[in-house]
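Colleague: Sequence:
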Amino acid sequence: MIDLKLLRDDPERVRASQRARGDDPALVDALLAADEARRTAVSYADNLRAEQKAVSQSVRGASPEERPAVLERAKQLSTEVKEAEVAQTEADAALRVAHLAVPNVIAGAPPGGEADFVVLEHVGDVPSYDFPVRDHLDIGTLLSAIDTERGAKVSGSRFAFLTGDGALLELALINLAMAQATAAGLIPVIAPALVRPEAMEGTGFLGAHAAEVYKLENDDLYLVGTSEVPLAAYHSGEVLEKLPLRYAGYSSCFRREAGSHGKDTRGIIRVHQFEKVEMFSYVDPAAAEAEHQRLLEWEKQFLTLLELPYRVIDVAAGDLGSSAARKFDIEAWLPSQERWLELTSTSNCTDFQARRLGIRMRGEKGPQAAATLNGTLCAVGRTIAVLLEVHQQADGSVHVPKALQPFLGGRTELRPA
RNA sequence: GGUGGCGUGUCCGAGCGGCCGAAGGAGCACGCCUCGAAAGCGUGUGACGUGGCAACACGUCCGUGGGUUCAAAUCCCACCGCCACCGCCA
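Residue 5 is where the first sequence starts when you use the working numbering, and the numbers rise one by one after that.
Note that these hints are calculated values from the structure, not bench results.
Beta carbons are placed, not taken as given, at the ideal position from N, Cα and C, and that holds for glycine.
Please note: incorrect hints may appear among the correct ones.
With beta-carbon atoms standing in for the labels, derived distance ranges [to be verified]:
no., residue 1, residue 2, range
1, Glu118, Gln409, 45 to 51 Å
2, Phe163, Asn222, 53 to 59 Å
3, Lys57, Thr186, 54 to 60 Å
4, Asp268, Glu87, 15 to 21 Å
5, Arg270, Glu118, 19 to 25 Å
6, Asp13, Asn222, 54 to 60 Å
7, Glu216, Ala58, 15 to 21 Å
8, His265, Pro410, 36 to 42 Å
9, Val90, Ser62, 24 to 30 Å
10, Gly116, Tyr48, 23 to 29 Å
11, Glu311, Ile194, 45 to 51 Å
12, Thr186, Gly370, 31 to 37 Å
13, Ala398, Gly211, 36 to 42 Å
14, Asp120, Glu87, 47 to 53 Å
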């Protein structure tokens with residue numbers, strides 16, 4: 005939810021943000037009107053309540069003669085207050101709906117839609133191979149590391165078994181990511197993958213993404229698509245005494261992939277269940293931009309450790325989630341398809357997400373909304389896919405990056421049996 | 001899954017349907033005392049909303065949501081959570 009004070013002071017800035025996103029600026033004016041209507045309703049009800057309270061108090065002190073009249077007046081006020089409160093509740097609800105409809109105010113993101121991203125930098129050279137390149141599923145099959153056929157047999161399409169070196173590689177990546185995060189001072193967390201509706205709603209995943217989310221109807225719980233959800237809800241409703249707070253959360257992630265029929269159907273690039281280590285920061289809003297850069301640096305560091313070439317893009321306003329003010333994606337080179345593939349994503353949500361979740365910090369003038377930021381450290385399945393492809397060798401073996409070797413028993417390559 | 005108990009401010013903890021935003025502690029902050037500290041003494045110490053430049057005023061909040069009443073932390077109902085015991089179980 006955006007800051008209503010900002011909205012009142014500078015509505016044009018919010019309208020401009022809407023235009024940059026390709027969203028409707030009229031939502032801003034609807035919100036302004038709802039805010040105004042609510043304040044009117046609150047004032048009216050407040051005044052009535054004050055009067056009712058006073059009259060109610062005087063019931064005790066009233067003499068027997070005047071008592072019936074006072075009680076009569078009190079009853080009448082009671083009815084009026086109830087009506088005023090209904091009106092206030094309705095105005096509150098209307099404001100909330102209008103409030104939720106306005107996404108975060110963008111901060112520095114390039115205008116335009118999905119195709120209008122800006123490439124900020126390239127790191128490493130796009131690899132070339134003097135042998136026919138295999139894709140990750142072929143390599144994974146040769147290594148007996150990935151089994152999508154049995155994944156489909158047991159669980160359906162977009163599921164896979166990781167076996168042998170595939171399973172070990174997954175654990176190694178998680179351990180490397182956690183080791184890096186811990187060395188950087190982040191608090192390691194293993195988070196629940198099942199959350200209550202409030203957590204899902206509070207983080208904004210039941211809005212545009214609702215169709216992507218698995219729900220357990222019998223238990224009123226949701227499977228998280230990212231540990232951003234439990235990590236953000238972790239401090240919901242709290243006033244945080246000392247910031248920054250930084251977490252590295254590991255969890256399984258579940259996505260229905262409802263809108264991606266026919267897309268990335270081969271291998272494990274897009275599956276319903278994958279493992280991920282996610283970074284999450286709570287900071288003073290004044291420090292949010294610097295924190296965003298810090299998260300990006302950690303993401304780059306991890307890919308550098310894996311010896312993967314990549315590029316960093318500044319995602320355009322129209323392609324941001326509703327909570328994000330700015331987002332950087334890192335895309336790694338996928339040799340089999342000769343294209344860039346999104347491996348990580350880091351968003352600065354400023355105080356937008358925190359306001360909805362009631363996450364506050366001690367500010368100059370008392371508690372105020374904190375800023376939250378998230379960033380992928382390692383989306384394991386996809387990273388395995390890219391790793392196998394980039395580091396493949398002519399004979400079907402795969403080079404193991406130096407940093408990963410200690411987590412794979414010192415092995416320097418993976419070979420078909 | 002069953003039975004019982006409990007949810008009050010940063011924490012502990014009291015609270016007769018009106019005089020309770022809430023006793024009393026602790027903690028914390030500031031001041032006095034001290035060479036300095038501890039102890040002691042004194043003062044202060046929630047959030048949110050609306051109006052106001054501000055001091056401040058009014059309103060809301062005693063797990064959440066309903067209900068009864070002129071009036072609810074206090075009575076009733078539902079839900080959520082916590083604790084204990086039993087059952088089951090990786």
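Colleague: State for each hint whether it applies.
Modeller: A quick look at each hint next to the structure:
| no. | hint | verdict |
| --- | --- | --- |
| 1 | Glu118 with Gln409: 45 to 51 Å | 38 Å, violated |
| 2 | Phe163 with Asn222: 53 to 59 Å | 22 Å, violated |
| 3 | Lys57 with Thr186: 54 to 60 Å | 56 Å, holds |
| 4 | Asp268 with Glu87: 15 to 21 Å | 56 Å, violated |
| 5 | Arg270 with Glu118: 19 to 25 Å | 23 Å, holds |
| 6 | Asp13 with Asn222: 54 to 60 Å | 47 Å, violated |
| 7 | Glu216 with Ala58: 15 to 21 Å | 53 Å, violated |
| 8 | His265 with Pro410: 36 to 42 Å | 41 Å, holds |
| 9 | Val90 with Ser62: 24 to 30 Å | 26 Å, holds |
| 10 | Gly116 with Tyr48: 23 to 29 Å | 45 Å, violated |
| 11 | Glu311 with Ile194: 45 to 51 Å | 28 Å, violated |
| 12 | Thr186 with Gly370: 31 to 37 Å | 34 Å, holds |
| 13 | Ala398 with Gly211: 36 to 42 Å | 48 Å, violated |
| 14 | Asp120 with Glu87: 47 to 53 Å | 51 Å, holds |
This entry does not satisfy hints 1, 2, 4, 6, 7, 10, 11, 13, going by the numbered hints stated previously.
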